[in-house]
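There are 2 protein chains.
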Amino acid sequence: MPAQNRRSEKSRRAIYAAALALVGEVGYPRTTVEGIAARAGVGKQTIYRWWNSKADVLLEAFLDLTDGPEPPALPDTGDIAADLKAVLRATVDELTDPAFEIPARALTAEGVVNEEVGRIFVTRLLQPSLQLYVDRLRTAQEAGQIRPETDPRIALELFVSPLAQRWLQHTAPFSHEYTDTLVDYALHGLAPR
Amino acid sequence: MPAQNRRSEKSRRAIYAAALALVGEVGYPRTTVEGIAARAGVGKQTIYRWWNSKADVLLEAFLDLTDGPEPPALPDTGDIAADLKAVLRATVDELTDPAFEIPARALTAEGVVNEEVGRIFVTRLLQPSLQLYVDRLRTAQEAGQIRPETDPRIALELFVSPLAQRWLQHTAPFSHEYTDTLVDYALHGLAPR
Chain A
3 MPAQNRRSEK SRRAIYAAAL ALVGEVGYPR TTVEGIAARA GVGKQTIYRW
53 WNSKADVLLE AFLDLTDGPE PPALPDTGDI AADLKAVLRA TVDELTDPAF
103 EIPARALTAE GVVNEEVGRI FVTRLLQPSL QLYVDRLRTA QEAGQIRPET
153 DPRIALELFV SPLAQRWLQH TAPFSHEYTD TLVDYALHGL APR
Chain B
3 MPAQNRRSEK SRRAIYAAAL ALVGEVGYPR TTVEGIAARA GVGKQTIYRW
53 WNSKADVLLE AFLDLTDGPE PPALPDTGDI AADLKAVLRA TVDELTDPAF
103 EIPARALTAE GVVNEEVGRI FVTRLLQPSL QLYVDRLRTA QEAGQIRPET
153 DPRIALELFV SPLAQRWLQH TAPFSHEYTD TLVDYALHGL APR
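Note that the protein sequences, when read in sequence, are chains A and B.
According to my numbering, the first sequence is numbered sequentially starting from 3.
According to my numbering, the second sequence is numbered sequentially starting from 3.
A portion of the hints provided could be inaccurate.
Since copy identity is lost for identical chains, a pair holds within one copy or between any two.
Think about it this way: if two alpha-carbon atoms lie no more than 20 Å apart in a straight line, the pair counts; the simulated SDA-like pairs of lysine to any residue are [as the list claims (entries may be wrong)]: (1) Lys87 with Asp137; (2) Lys87 with Ile156; (3) Lys87 with Gln147; (4) Lys12 with Lys46.
Derived from the structure by calculation, the hints contain no laboratory data.
If we strip away everything but chain A, and leave its shape as in the complex, we get (with noise of 0.2 Å):
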């Protein structure tokens, strides 16, 4: 890599985490591209070159932090079940880590009430890992593992939107245990068969 290259590298490093610690501790309004310059130590015309506005340089972040932009597709083991419990399982493990959690947070609290942020994060950052779950039920569908008339992109939110109402709003507490009997009561039914 060109020195040019690596201190680019360097900088854009530096920006991610200063825009992640930023948001977390201020929130998202109080966020600006010059805070986030000035944390990462960089001139706010680096930023500038870069991104458009902090929205970008938030979703990069984000991005950065978790998945990338085309996070892998979840296990097919054949088993449905087991597999929707192992990511369940790891989210729970992602929620609860600082580091994700709270600029998360801020996030999702300012998308609550700006429904433009909302609508821009949940596009861009939520739902293509949503659309992991839809591909997963198709093939267990195919499977005859899942009802054939089911809409999966409804289907995953019955395990999907109780651990994050529990997250967002803490209702309750989450563990492996929970996640896996929600997999089992959305399979299975809570009426008797």
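Use these hints to put chain B onto chain A, whose structure you have.
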């Protein structure tokens, strides 16, 4: 009602309205007892005579706006599917009523980043409503319509949390048809029977 009580009741209503409007406009951190008093046209001592803090005023304003301190039980026609669908349809309507939605979003957003505020409002406002689902699901268990081994506190999340997430995070639109589908999926399960 004596004139003194009528005046008090009128002040109380003005204070509730001012508190809900203000939190919707400026958010929880910038809502102050002084601001509520000014908007309601009362002295701040009037507020402190009845409540200890802005959190207390807002809590009672929300209780007054929604169901009151003891919300009524869920309907029980003997058909758990029909009863859950009716309640969730009414919730869809409430969530899209601006008188509820705007202050509720402001308070929920604060709860996401401020665990103490989140817990106060969830415990006092949200949990009593969720308990009604627990009670109704228990009756359904006694009637043989829900598996006896199911934990009702987790079971309710299969239909309540998806609606909450669509509302809070704008992940997708919601409608009466959508909440009906959630109830059907939750009761009968995603896997073939």
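Query raised in the report: With identical chains treated as interchangeable, where does the CA-CA distance between Lys87 and Ile156 reach 20 Å or less: within a copy, between copies, both, or neither?
Result: both (18 Å within a copy, 16 Å between copies)
Query raised in the report: Within a copy, between copies, both or neither: where do Lys12 and Lys46 come within 20 Å Cα-Cα?
Result: within (15 Å within a copy, 53 Å between copies)
Query - Intra- versus inter-subunit Cα pairing at 20 Å for Lys87 with Asp137 - result: This pair counts as within: shortest intra-copy Cα distance 16 Å, inter-copy 28 Å.
Query raised in the report: Is the C-alpha distance from Lys87 to Gln147 at most 20 Å within one copy, between copies, in both cases, or in neither?
Result: Within one copy, since 15 Å is at most 20 Å while 26 Å is not.
Taken one by one, the earlier hints all hold for this structure without exception.
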